Amino acid sequence: RTQEAWQQRLFDEEIVPVTVKEKKGERIVQEDEGYNRLKLEKVPTLKPAFDRSGNGTVTAANSSSFNDGASALVVANRELAKQHGKGKNVLARIVSYADAAIDPIDFPVAPAKVIPIALERAGIKPEQVKVWEMNEAFAAVIKANAKILNVDIEKINPRGGAIALGHAIGSSGARILVTLLHQLKKGEYGCAAICNGGGAATGMVVQMVDADDL
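One point on numbering: in the numbering used here, the residue at position 62 of the sequence shown is 62, and numbering is uninterrupted.
Hint data in this document are derived by calculation from the structure and do not stem from the laboratory. This one's a predicted model, so the numbers in the text were calculated from it and none came from an experiment. Where hints are given, some of them may not hold.
Stated by the list, open to error - Here are the computed lysine-lysine pairs in the PhoX-like style, where the Cα-Cα straight-line distance is at most 25 Å: (1) Lys39 x Lys125; (2) Lys125 x Lys86; (3) Lys125 x Lys143.
What the hints assert, rightly or not - Simulated restraints on C-beta separations: (4) Ile28 x Asp103: 40 to 50 Å; (5) Ile169 x Gly56: 19 to 29 Å; (6) Thr45 x Leu80: 47 to 57 Å.
Even glycine gets a Cβ: it sits at the ideal position worked out from N, Cα and C.
With the sequences and hints as input, model every part of the structure.
In structure tokens, the structure reads:
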């Protein structure tokens, strides 16, 4: 998904080029690097990262990598949004948000605990959500939450997730929200959810709007 998204330049509007100083001089970074390093022939040969008994399924190939990264969003009241939001294609309103927690050992499915709460507070049903973005420390996270929530997995992380894009510490929640906003059109709802570690999770429902309609 990420390879296709980059080939179609779908990330261009949400990326800000960063100049990095290296030994050979300066380099401008404006594209994710990890997704192009995939070597499919090596995936089946990787050893489990945690369970070494022979039954382990979590490997480096289906886990997110640690990356440097940053994301930024501006939160404003209605008056400021009307004043400065005209002509902006990523203007949205926060419809609802929620926090929830489950047993720490079950942390991968914590989003499935918080999402129904956020949806209820927003007053919408799952089928009204156009795009879902969830952080994915491991591939099983998305499959498990999609099954529990009965959500079409094709609508979750349509442009790829942290396994391909990276898991920038301290920026994961903001990153998936930025990516979510860039996939919505006026009037459409989106839901972002992230497990915070230790069994906790945070969820948010947003709706794309136009400044003139506020």
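Taking the beta carbons of Ile28 and Asp103, is their distance inside 40 to 50 Å?
Since the Cβ atoms of Ile28 and Asp103 sit about 45 Å apart, the hinted range of 40 to 50 Å holds.
Between Lys125 and Lys86, does the CA-CA distance stay at or below 25 Å?
29 Å, violated
Against the 25 Å threshold, does the CA-CA distance of Lys39 and Lys125 hold or violate the hint?
Violated: Lys39 and Lys125 sit about 40 Å apart, past 25 Å.
Within 47 to 57 Å: is that where the Cβ-Cβ distance between Thr45 and Leu80 falls?
54 Å, holds
For a C-alpha distance cap of 25 Å, please report whether Lys125 and Lys143 respect it.
20 Å, holds
Does the Cβ-Cβ separation between Ile169 and Gly56 fall within 19 to 29 Å?
At 24 Å between Cβs, range holds.
Consistency note: the structure conflicts with the earlier hints numbered 1, 2.
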